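My request is simple: use the sequences and hints to build the entire structure.
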Amino acid sequence: MKNIKAIIILLSPFLVAWFALFFGAYGVSPFMVIKILLNESFHIFDVGESAEKAIIIDIRLPRVLLAGIVGAALSCSGVTLQGIFRNPLVDPFILGISAGAAFGCAITIGFLSFLPLQFTAFIFGVTAVIIAYGVARIQGEISRLQLILAGIIVSAFFTAMVSIVKFLVDPHKLQNIIYWLMGSFSLADWRAVKVASIGFFAGVIPIFLMRWRLNVMSMGEDEAKVLGVNVKRERLLFIGFSTFAVAVATSLCGIIGWVGLIVPHLVRMLIGPDHRSLVPLSISAGAAFMIAADTVSRTLTSFDIPVGIITALTGAPFFIYLMKRGGKEAWVK
Amino acid sequence: MLSIKNLHFKQKDSKEEILKGISFDAQRGNITTILGPNGSGKTTLFKCIAGLWEPLKGEILFDGNSIVKLSFRKRAKIFAVVPQEHEPPFAYSVIDVVLMGRAGHIGIFSMPGKKDYEIAKEALKIVEIEHLSERAYTQISGGERQLTLIARALAQETPVMLLDEPTSHLDFRNQINILKKIKEIATKKGLIVLMTLHDPNLASLFSDKVVVINSGTKIAEGRPEEIISEELIRRVYNVEVIISKINEKSIIYPVI
Numbered sequence: 060m061k062n063i064k065a066i067i068i069l070l071s072p073f074l075v076a077w078f079a080l081f082f083g084a085y086g087v088s089p090f091m092v093i094k095i096l097l098n099e100s101f102h103i104f105d106v107g108e109s110a111e112k113a114i115i116i117d118i119r120l121p122r123v124l125l126a127g128i129v130g131a132a133l134s135c136s137g138v139t140l141q142g143i144f145r146n147p148l149v150d151p152f153i154l155g156i157s158a159g160a161a162f163g164c165a166i167t168i169g170f171l172s173f174l175p176l177q178f179t180a181f182i183f184g185v186t187a188v189i190i191a192y193g194v195a196r197i198q199g200e201i202s203r204l205q206l207i208l209a210g211i212i213v214s215a216f217f218t219a220m221v222s223i224v225k226f227l228v229d230p231h232k233l234q235n236i237i238y239w240l241m242g243s244f245s246l247a248d249w250r251a252v253k254v255a256s257i258g259f260f261a262g263v264i265p266i267f268l269m270r271w272r273l274n275v276m277s278m279g280e281d282e283a284k285v286l287g288v289n290v291k292r293e294r295l296l297f298i299g300f301s302t303f304a305v306a307v308a309t310s311l312c313g314i315i316g317w318v319g320l321i322v323p324h325l326v327r328m329l330i331g332p333d334h335r336s337l338v339p340l341s342i343s344a345g346a347a348f349m350i351a352a353d354t355v356s357r358t359l360t361s362f363d364i365p366v367g368i369i370t371a372l373t374g375a376p377f378f379i380y381l382m383k384r385g386g387k388e389a390w391v392k
Numbered sequence: 161m162l163s164i165k166n167l168h169f170k171q172k173d174s175k176e177e178i179l180k181g182i183s184f185d186a187q188r189g190n191i192t193t194i195l196g197p198n199g200s201g202k203t204t205l206f207k208c209i210a211g212l213w214e215p216l217k218g219e220i221l222f223d224g225n226s227i228v229k230l231s232f233r234k235r236a237k238i239f240a241v242v243p244q245e246h247e248p249p250f251a252y253s254v255i256d257v258v259l260m261g262r263a264g265h266i267g268i269f270s271m272p273g274k275k276d277y278e279i280a281k282e283a284l285k286i287v288e289i290e291h292l293s294e295r296a297y298t299q300i301s302g303g304e305r306q307l308t309l310i311a312r313a314l315a316q317e318t319p320v321m322l323l324d325e326p327t328s329h330l331d332f333r334n335q336i337n338i339l340k341k342i343k344e345i346a347t348k349k350g351l352i353v354l355m356t357l358h359d360p361n362l363a364s365l366f367s368d369k370v371v372v373i374n375s376g377t378k379i380a381e382g383r384p385e386e387i388i389s390e391e392l393i394r395r396v397y398n399v400e401v402i403i404s405k406i407n408e409k410s411i412i413y414p415v416i
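Residue numbers (this note's numbering), protein chains in the order written: chain S, 60 to 392; chain B, 161 to 416.
The set of hints was computed from the structure by calculation and includes no laboratory data.
Careful: at least some of the hints might be erroneous.
Here are the simulated lysine to any residue pairs, SDA-like style, with alpha carbons at most 20 Å apart [claimed, not checked]:
1. S:K291 - B:L230
2. B:K229 - S:R292
3. B:K237 - S:K64
4. B:K234 - S:R294
5. B:K274 - S:D333
6. B:K237 - S:D281
7. S:K291 - B:R233
8. B:K207 - S:I197
9. B:K207 - S:D281
10. B:K172 - S:G193
11. B:K172 - S:R196
12. B:K234 - S:R292
13. S:K291 - B:L212
14. B:K237 - S:E293
15. S:K61 - B:A251
16. S:K61 - B:S253
17. B:K234 - S:N289
18. B:K170 - S:D281
19. S:K291 - B:H265
20. B:K237 - S:V290
21. B:K275 - S:D333
22. B:K172 - S:E200
23. B:K170 - S:E200
24. S:K291 - B:E214
25. S:K64 - B:E294
26. S:K61 - B:R295
27. B:K234 - S:E280
28. B:K207 - S:G279
29. B:K207 - S:E280
30. S:K61 - B:A296
31. B:K207 - S:E200
32. S:K291 - B:F232
33. B:K229 - S:N289
34. S:K291 - B:A251
35. B:K207 - S:I201
Every beta carbon over 12 Å from chain S, so not counted as near; a handful from chain B, in silico [what the hints assert, rightly or not]:
36. N166
37. S183
38. R188
39. N190
40. D256
Remember, predicted model here, so these are calculated numbers, not experimental data.
Beta carbons: idealized from backbone N, C-alpha and C, even for Gly.
Laid out in structure tokens, this is it:
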């Protein structure tokens with residue numbers, strides 16, 4: 060039973076992506092999508108230079124791929140942070156990593172355009188999570204509630220810093236910052252897909268390889284230590300890799316919250332908490348969720364609604380549900 | 161042999177030492193129990209030996225080699241620590257918890273392999289809870305959780321096992337059950353078992369050696385039937401007791 064669920068979750072991003080490719084303002088038949096994709100990769104069918112091909116290959120495919128990679132990165136980062144902080148209610152958004160990364164991007168767009176966006180996003184993302192962790196860690200222990208409160212404080216601080224940048228920057232650049240901050244895949248192109256892939260390989264793959272350690276780390280600092288884990292070093296590695304993945308994602312499509320919280324939870328409910336399967340399945344479910352959310356955001360109205368709004372609309376009620384349900388579970392204590 | 165030599169400890173921001181020079185030995189195949197009332201320093205002593213807190217002064221020797229400065233990875237090959245029974249935030253299966261005992265043997269980028277599974281299953285067999293292997297660790301009883309943690313310590317394959325009040329959250333039957341199991345494992349595997357207890361009766365029933373501490377100093381050390389006296393209990397616990405012998409074991413009976 061578990062295996063069947065796992066296979067369905069692993070295949071879900073491909074199915075959702077296929078759906079996302081033929082669904083939209085300009086209708087393309089589901090078979091035509093497959094034909095065009097096969098032609099593009101293996102040159103089996105000759106579909107010519109049609110408008111359909113241009114829409115699929117130049118517009119929808121990069122957008123779907125970008126959404127998938129970003130969703131996978133955010134979800135992987137969420138499951139990692141939940142594991143190392145032993146706290147099922149955190150994700151990169153709640154811990155302030157997204158806000159820190161957004162601030163890094165905003166000052167780069169506004170003033171330091173010679174620096175790569177991803178670099179400053181990473182620096183401030185790491186700064187944010189380390190501050191949140193430092194504030195919450197009192198006398199060697201971190202309480203679950205305090206970590207969330209610390210994350211809210213850090214998030215508020217960096218959001219205010221972004222506002223200062225918006226206030227000071229020249230109006231022409233301001234437009235760029237505002238549009239990008241809303242969290243959207245509408246600017247997706249093949250260059251963005253390439254950058255996202257780099258973030259994915261450098262951030263997500265190492266976490267995937269180290270995933271069993273998350274089981275041990277989630278038992279608590281002292282216990283992991285006596286089991287032979289170099290907690291300080293490994294925690295830093297996990298924070299570094301997951302923050303890098305989030306920083307790259309944020310630099311490409313702004314702040315998209317809640318994905319890193321919802322997806323690992325759903326997967327944990329379905330297949331259990333063992334990170335050996337939880338991490339890879341969260342990665343693929345995150346990709347599927349984000350592609351689906353983005354498809355909704357671009358087809359719901361005649362406008363392209365920022366996808367961050369869609370994820371927040373699903374995420375906030377889910378968070379409330381978890382808090383209520385959590386009353387019965389161990390991690391609330 | 162595990163030797164603790166003149167161990168001192170104090171908290172960073174405090175002036176008073178919590179441990180004021182404690183020394184004792186623990187032998188292979190024996191259970192050595194650190195006995196003391198709450199606040200006597202036995203938890204501190206336990207944490208210093210486990211390597212979680214760094215002692216101010218003194219030495220901890222295993223077979224003559226100092227282990228105070230060892231890395232956690234190397235230390236995990238000498239000491240297996242059984243913490244007090246607790247609930248983790250995620251509902252891992254029992255076998256997954258036992259497998260964690262292999263962390264010190266497995267590289268950071270690897271997963272437990274076939275051999276690790278066999279060792280974990282063998283450990284579950286020794287504590288006789290193989291039937292719980294797939295159950296969620298959060299949904300078994302406190303006694304079963306304690307046995308799971310002991311199995312995890314066995315899976316670590318170390319010569320020394322440290323247990324922090326292994327009976328503290330358990331009912332009467334489970335207390336006896338756990339301690340019997342620990343005694344059996346210590347004898348069969350020739351392990352050095354060092355544990356803390358606060359109940360002098362349990363200490364007297366199951367230990368080969370008792371180290372009595374109070375206010376951070378060692379009060380007495382030796383075989384329980386030789387050292388546990390009415391006078392000692394009065395001094396350490398401030399309780400009037402009568403001690404009688406049943407089957408050559410001292411039974412401590414509080415006067416009420």
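Quiz prompt | Holds or violated: K207 (chain B) to I197 (chain S), with C-alpha atoms at most 20 Å apart | solution = Distance of about 19 Å is within 20 Å: holds.
Quiz prompt | Holds or violated: K291 (chain S) to L212 (chain B), with C-alpha atoms at most 20 Å apart | solution = Holds, at about 13 Å.
Exercise. For the pair we were handed, K275 (chain B) and D333 (chain S), check the Cα-Cα distance against 20 Å.
Key: 19 Å, holds
Quiz prompt | 20 Å Cα cutoff - pair K207 (chain B), G279 (chain S) | solution = Within the cut-off at roughly 15 Å; holds.
Quiz item: Is the straight-line distance between the alpha-carbon of K229 (chain B) and that of N289 (chain S) 20 Å or less?
Solution: 14 Å, holds
Quiz item: Do the alpha carbons of K291 (chain S) and H265 (chain B) lie within 20 Å of each other, as the hint requires?
Solution: Judged against 20 Å, a Cα distance of about 18 Å means the pair holds.
Quiz prompt | Restraint status (C-alpha distance of K237 (chain B) to D281 (chain S) at most 20 Å) | solution = 16 Å, holds
Exercise. Would you mind confirming whether the straight-line C-alpha gap from K234 (chain B) to N289 (chain S) stays at or under 20 Å?
Key: Measuring from Cα to Cα gives roughly 10 Å; hence the hint holds.
Quiz item: Hey, does R188 (chain B) actually stay past 12 Å from chain S on C-beta?
Solution: The assertion about R188 (chain B) holds, with a minimum of 21 Å to chain S.
Quiz prompt | Given pair status - S253 (chain B), K61 (chain S), alpha carbons within 20 Å | solution = Given that 20 Å is the threshold and the Cα spacing comes to 14 Å, the pair holds.
Quiz item: CA of K274 (chain B) to CA of D333 (chain S), is that 20 Å or under?
Solution: 17 Å, holds
Quiz item: Does the alpha-carbon distance linking K291 (chain S) and L230 (chain B) stay inside the 20 Å limit?
Solution: 15 Å, holds
When each numbered hint is compared with the structure, violations occur for hints 3, 34, 40.
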